[in-house]
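**Student:** Model the full structure from these sequences, guided by the hints.
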Amino acid sequence: QQKVQQSPESLIVPEGAMTSLNCTFSDSASQYFAWYRQHSGKAPKALMSIFSNGEKEEGRFTIHLNKASLHFSLHIRDSQPSDSALYLCAVGTGGYKVVFGSGTRLLVSP
Amino acid sequence: GGIITQTPKFLIGQEGQKLTLKCQQNFNHDTMYWYRQDSGKGLRLIYYSITENDLQKGDLSEGYDASREKKSSFSLTVTSAQKNEMAVFLCASSPWTGEVTEVFFGKGTRLTVV
Chain A
1 QQKVQQSPES
11 LIVPEGAMTS
21 LNCTFSDSAS
31 QYFAWYRQHS
41 GKAPKALMSI
51 FSNGEKEEGR
61 FTIHLNKASL
71 HFSLHIRDSQ
81 PSDSALYLCA
91 VGTGGYKVVF
101 GSGTRLLVSP
Chain B
111 GGIITQTPKF
121 LIGQEGQKLT
131 LKCQQNFNHD
141 TMYWYRQDSG
151 KGLRLIYYSI
161 TENDLQKGDL
171 SEGYDASREK
181 KSSFSLTVTS
191 AQKNEMAVFL
201 CASSPWTGEV
211 TEVFFGKGTR
221 LTVV
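As they're listed, the protein sequences go chains A and B. Numbering follows our numbering, with no gaps: position 69 of the first sequence is 69. Take any residue in the second sequence, note its place counting from 1, add 110, and you have its number in our numbering.
Since the hints were derived computationally from the structure, they do not count as laboratory data. Incorrect hints may appear among the rest.
What the hints assert, rightly or not - For lysine-lysine, the following DSS-like pairs were computed, each having C-alpha atoms within a straight-line distance of at most 25 Å:
hint : chain 1 : residue 1 : chain 2 : residue 2
1    : A       : K3        : B       : K167
2    : B       : K181      : B       : K151
3    : B       : K151      : A       : K42
4    : A       : K45       : B       : K217
5    : B       : K151      : A       : K45
6    : A       : K3        : B       : K151
7    : B       : K217      : B       : K193
8    : B       : K167      : A       : K45
9    : B       : K132      : A       : K45
10   : A       : K45       : B       : K119
11   : A       : K42       : B       : K217
12   : B       : K119      : A       : K42
13   : A       : K42       : B       : K132
14   : A       : K45       : B       : K181
Unchecked claim - In silico negatives: residues of chain B with every beta carbon more than 12 Å from chain A:
hint : residue
15   : I114
16   : Q116
17   : G123
18   : K180
19   : M196
20   : V210
Backbone N, C-alpha and C fix where the C-beta goes; we use that ideal spot for every residue, glycine too.
**Tutor:** See the structure below:
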């Protein structure tokens, strides 16, 4: 049974800082690794995803995957107050099943 | 683009009651999911379905039933509502291109049991 865990549970960073969020998973056969963002009262929405080891950058966001360590991360450069939200990591196993982590609540203070 | 519509938006039930939540998507996606979210926490997978009439249990399936009678719709039944239970149930769908690429979510049904 896939276990997906996120750290930290919550985080407060000043505007302009670098934010780093972590996600570990238990199934080494996992194939889909993604970060979703959920603003208060809204539905989660996909931020970015990665399928193979390495890094992928999109604007201020970078996702890094290390399958051997069963770990992937999200880094937000120049964090903005509008980045304040619940961040959920997601791992896909067996093609269809997508399991989410317990979430990291990020607050970016102006 | 498409949309996932969940009904009702708010559901108040009594302890022991059987409650049904409905979900419709017009993306023409093959895979659909039901997740439960407690008070701003993470998402727990209840059931998913990879095609019409298919059902797969998630990690939280006990106490729930699901039904996928059409490709576009997926319903979830709480078989016996628990007193003081409060959660948001999120329906989602995903296209199948040989692998998962993105999961799209509805706005949720907020359940309160009195």
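**Student:** Confirm or reject each hint.
**Tutor:** Now for the hints, and whether the structure bears them out:
no., hint, verdict
1, K3(A) <-> K167(B), "15 Å, holds"
2, K181(B) <-> K151(B), "29 Å, violated"
3, K151(B) <-> K42(A), "13 Å, holds"
4, K45(A) <-> K217(B), "11 Å, holds"
5, K151(B) <-> K45(A), "15 Å, holds"
6, K3(A) <-> K151(B), "16 Å, holds"
7, K217(B) <-> K193(B), "24 Å, holds"
8, K167(B) <-> K45(A), "23 Å, holds"
9, K132(B) <-> K45(A), "20 Å, holds"
10, K45(A) <-> K119(B), "19 Å, holds"
11, K42(A) <-> K217(B), "7 Å, holds"
12, K119(B) <-> K42(A), "13 Å, holds"
13, K42(A) <-> K132(B), "18 Å, holds"
14, K45(A) <-> K181(B), "22 Å, holds"
15, I114, "8 Å, violated"
16, Q116, "10 Å, violated"
17, G123, "22 Å, holds"
18, K180, "18 Å, holds"
19, M196, "15 Å, holds"
20, V210, "4 Å, violated"
Violation of the numbered hints given earlier is confined to hints 2, 15, 16, 20; the remaining hints are satisfied by the structure.
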